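Engineer: Just so you know, the sequences run in chain order A and B. The first sequence begins at 1 in UniProt numbering and counts up one residue at a time. The second sequence begins at 1 in UniProt numbering and counts up one residue at a time.
Since the hints were derived computationally from the structure, they do not count as laboratory data. Just to be clear, a hint being listed does not mean it is correct.
What the hints assert, rightly or not - Below are the DSSO-like pairs computed for lysine-lysine, each with C-alpha atoms no more than 30 Å apart in a straight line:
#1 A/K84 with A/K38
#2 A/K125 with B/K361
#3 A/K125 with B/K348
#4 A/K170 with A/K186
#5 A/K112 with B/K348
#6 A/K95 with B/K361
#7 A/K141 with A/K125
#8 B/K354 with A/K95
#9 B/K354 with A/K176
Just so you know, these numbers come straight off a predicted model, no measurement behind them.
Read off the chains here:
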Amino acid sequence: MAAPSAAGLGRRLRAWLPRIMPVRWSRYNPSYLEPEVKKESYQKPLEELTEEEREQMELKAVRPIKAAPPTLSSSVFSDPMISKFTNMMMKSGNKVLARSLMSQTLEAIKRKQLEKYHKAPENEKETIECNPYVIFHQALKNCQPIIGLSSITKGGKTYQVPVPLTDNRKRFLAMKWLITECRENKHRRTMMPEKLSQELLLAFNNEGPVIKKKHVLHKMAEANRAYAHFRWW
Amino acid sequence: QLDHACALHTAARAGLSSVSSQDVPAERPRAVFHTSESDPAKHTEQHEARLYNIPLEEVKAVFPHGLPHRFQQQIQTFNEARVMVRKPALELLAYLKGSIFSQPAVRYVIYGERGTGKTMTLCHVVHYCWRQGWLVLHVPDAHLWVKNCKELLQSSYNKDRLDQPLQASVWLKNFKTSNERFLQEIKTQKKYMWGKHESTEEGRPLGEVVEQGLARVRSASDAVGVVLRELKQQSHRGSFRLLVAVDGVNALWGRTTLSKEDKSPVSPEELTLVHNLRKMVMNDWSGGAIVTTLSQTGSLFKPSSAYTPQELLGKEGFDALDPFVPIPVPNYSPREFESCYGYYLERKWLQHEKGHTEDGKAELQFLSGSNPRQLDRLAGPL
Chain A
1 MAAPSAAGLG
11 RRLRAWLPRI
21 MPVRWSRYNP
31 SYLEPEVKKE
41 SYQKPLEELT
51 EEEREQMELK
61 AVRPIKAAPP
71 TLSSSVFSDP
81 MISKFTNMMM
91 KSGNKVLARS
101 LMSQTLEAIK
111 RKQLEKYHKA
121 PENEKETIEC
131 NPYVIFHQAL
141 KNCQPIIGLS
151 SITKGGKTYQ
161 VPVPLTDNRK
171 RFLAMKWLIT
181 ECRENKHRRT
191 MMPEKLSQEL
201 LLAFNNEGPV
211 IKKKHVLHKM
221 AEANRAYAHF
231 RWW
Chain B
1 QLDHACALHT
11 AARAGLSSVS
21 SQDVPAERPR
31 AVFHTSESDP
41 AKHTEQHEAR
51 LYNIPLEEVK
61 AVFPHGLPHR
71 FQQQIQTFNE
81 ARVMVRKPAL
91 ELLAYLKGSI
101 FSQPAVRYVI
111 YGERGTGKTM
121 TLCHVVHYCW
131 RQGWLVLHVP
141 DAHLWVKNCK
151 ELLQSSYNKD
161 RLDQPLQASV
171 WLKNFKTSNE
181 RFLQEIKTQK
191 KYMWGKHEST
201 EEGRPLGEVV
211 EQGLARVRSA
221 SDAVGVVLRE
231 LKQQSHRGSF
241 RLLVAVDGVN
251 ALWGRTTLSK
261 EDKSPVSPEE
271 LTLVHNLRKM
281 VMNDWSGGAI
291 VTTLSQTGSL
301 FKPSSAYTPQ
311 ELLGKEGFDA
321 LDPFVPIPVP
331 NYSPREFESC
341 YGYYLERKWL
351 QHEKGHTEDG
361 KAELQFLSGS
371 NPRQLDRLAG
381 PL
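Turn these sequences into a full structure, and let the hints guide you.
Structural biologist: If you want it as structure tokens, here you go:
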């Protein structure tokens, strides 16, 4: 008696569920507001707020707030570039492993630089940079290409046309090249933190295979500058 | 005692007390959390939460094995070995200073949660005993003897037991490095046969037994057994003081992951090394002390939340070690945390600009929960 009625109930209920169930990039109602994580914005006293900030605060009292994504952090040590790089290093969603590799890389860079620092004579000590974050950011900046190539088909033939790159694309290319370089062109048994720290230090000093790849891309763009007018954007 | 600690804390904060100026040299204002007293015998509560330096030559002599891996990396990066003087270590040192050597050896068991500094406390005590001229029998990690053993030989001495040549020879090599002079002074009291043709006569220095063990790797475990036996029998005479320091003593009474050739499991008593070490840890000898540490990290078949002696030793181990003096090791106190944080800042280990701010310090304290290992791991990438 219970079993057929339960099955019928299930069939009838299923008809009420929407066909698309957004799970990952969940679609919130437009009335939901973004969460505010910065500590400084909550520590300001009422008088210092401007008109719009006061309005924003009143809105927050009545509107619902979206759930904070796991990558958003209120820690003073969080860095969006490092998070992006960790995400790019991640394989099959194993963020724990990617994050531990990243922290081991930063520690490896710091150790190498500190050992160099302590062995160096007094006058050279200021030139040695020991902060792994500064090295990381500078290395990424050095690896970013200024101009890229895009394949445009015209009259049946495909041409490699030099094209300006957006900031996001430059950052992505730099990170992608670093990671692919470490994954593919190194000895099989070296650990990722070791390889990455070596590559980052080379890129910081404007040496190494990634910088070479950037220069090769620049030269190709320079060589193909005749086709630049094929670009229509 | 609480007022004493509070007063010292305020004194440390001010940085200008007569207490600290005695051991802070005048030329360069070395920070308050350092102490120039590098002899553990002179460490008192005055030196609590301060870091003392062990000269690098002594580190090589005293600790050929036994220091945690991360600490060894830290020694290499900073070019110095700084150990924090903490309450459990001071307590142990006080007990050792007051111990009566005609009485049977007292057993001390250092226990605590993961990463609170049990191995470092043991190393502090080992350094003290070495400085005082004791003979130090340091087993860096007893868990290494009950797992991941590639070669298991049937013992020639006793058919039921199994030998571990590799582990025994490694231990003998490190034992030799730290106790050179004793090996010449102590003589054997019996004739020992190594197989059919080789033997060590009575009255030969113990160094020969060690050489025999290193040369003939097959008989290394038996050599270890002979060394332990001789030391135990001769320690009551008083010519030397013996310290038995075992890290991860709960390995001796647990289970092993090793198996014999017919795939049957090996219990710890069937291993020669474990059998002899168990005899060493008994309190039926006098003229020294036994300091041991419990460790869940390398242990086999124990839940990760277990840290008390009852849980880790099991009934058999607890009954074997009973009676012992338990020494709990807690997480960092606020003063010790300040001291460790200040040391990292001074050595330029915390490179992140926010790491120098009060917010960063509060965040580190919260995230690590004042646990020494967590603080070390967190401060690594920063």
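Engineer: Against each hint, give a clear statement of whether it holds in the structure.
Structural biologist: Status of each hint after checking the structure:
At roughly 19 Å between alpha-carbon atoms, A/K84 and A/K38 fall within 30 Å of each other, so this suggested pair holds. Simply put, A/K125 and B/K361 have alpha-carbon atoms about 26 Å apart, close enough for the 30 Å limit, and the pair holds. The straight-line distance between the Cα atoms of A/K125 and B/K348 is roughly 13 Å, inside the 30 Å bound, and the hint therefore holds. Restraint check for A/K170 and A/K186: satisfied, since their Cα atoms lie roughly 24 Å apart, inside the 30 Å limit.
Restraint check: the Cα-Cα separation between A/K112 and B/K348 comes to about 13 Å, which is no more than 30 Å; the hinted pair holds. The straight-line distance between the Cα atoms of A/K95 and B/K361 is roughly 26 Å, inside the 30 Å bound, and the hint therefore holds. The suggested pairing of A/K141 with A/K125 holds, with an alpha-carbon distance near 24 Å, which does not exceed 30 Å. At most 30 Å may separate the alpha-carbon atoms for a hinted pair to count; B/K354 and A/K95 meet this at roughly 24 Å.
Between B/K354 and A/K176 the alpha-carbon distance is near 28 Å, which keeps this suggested pair within the 30 Å criterion.
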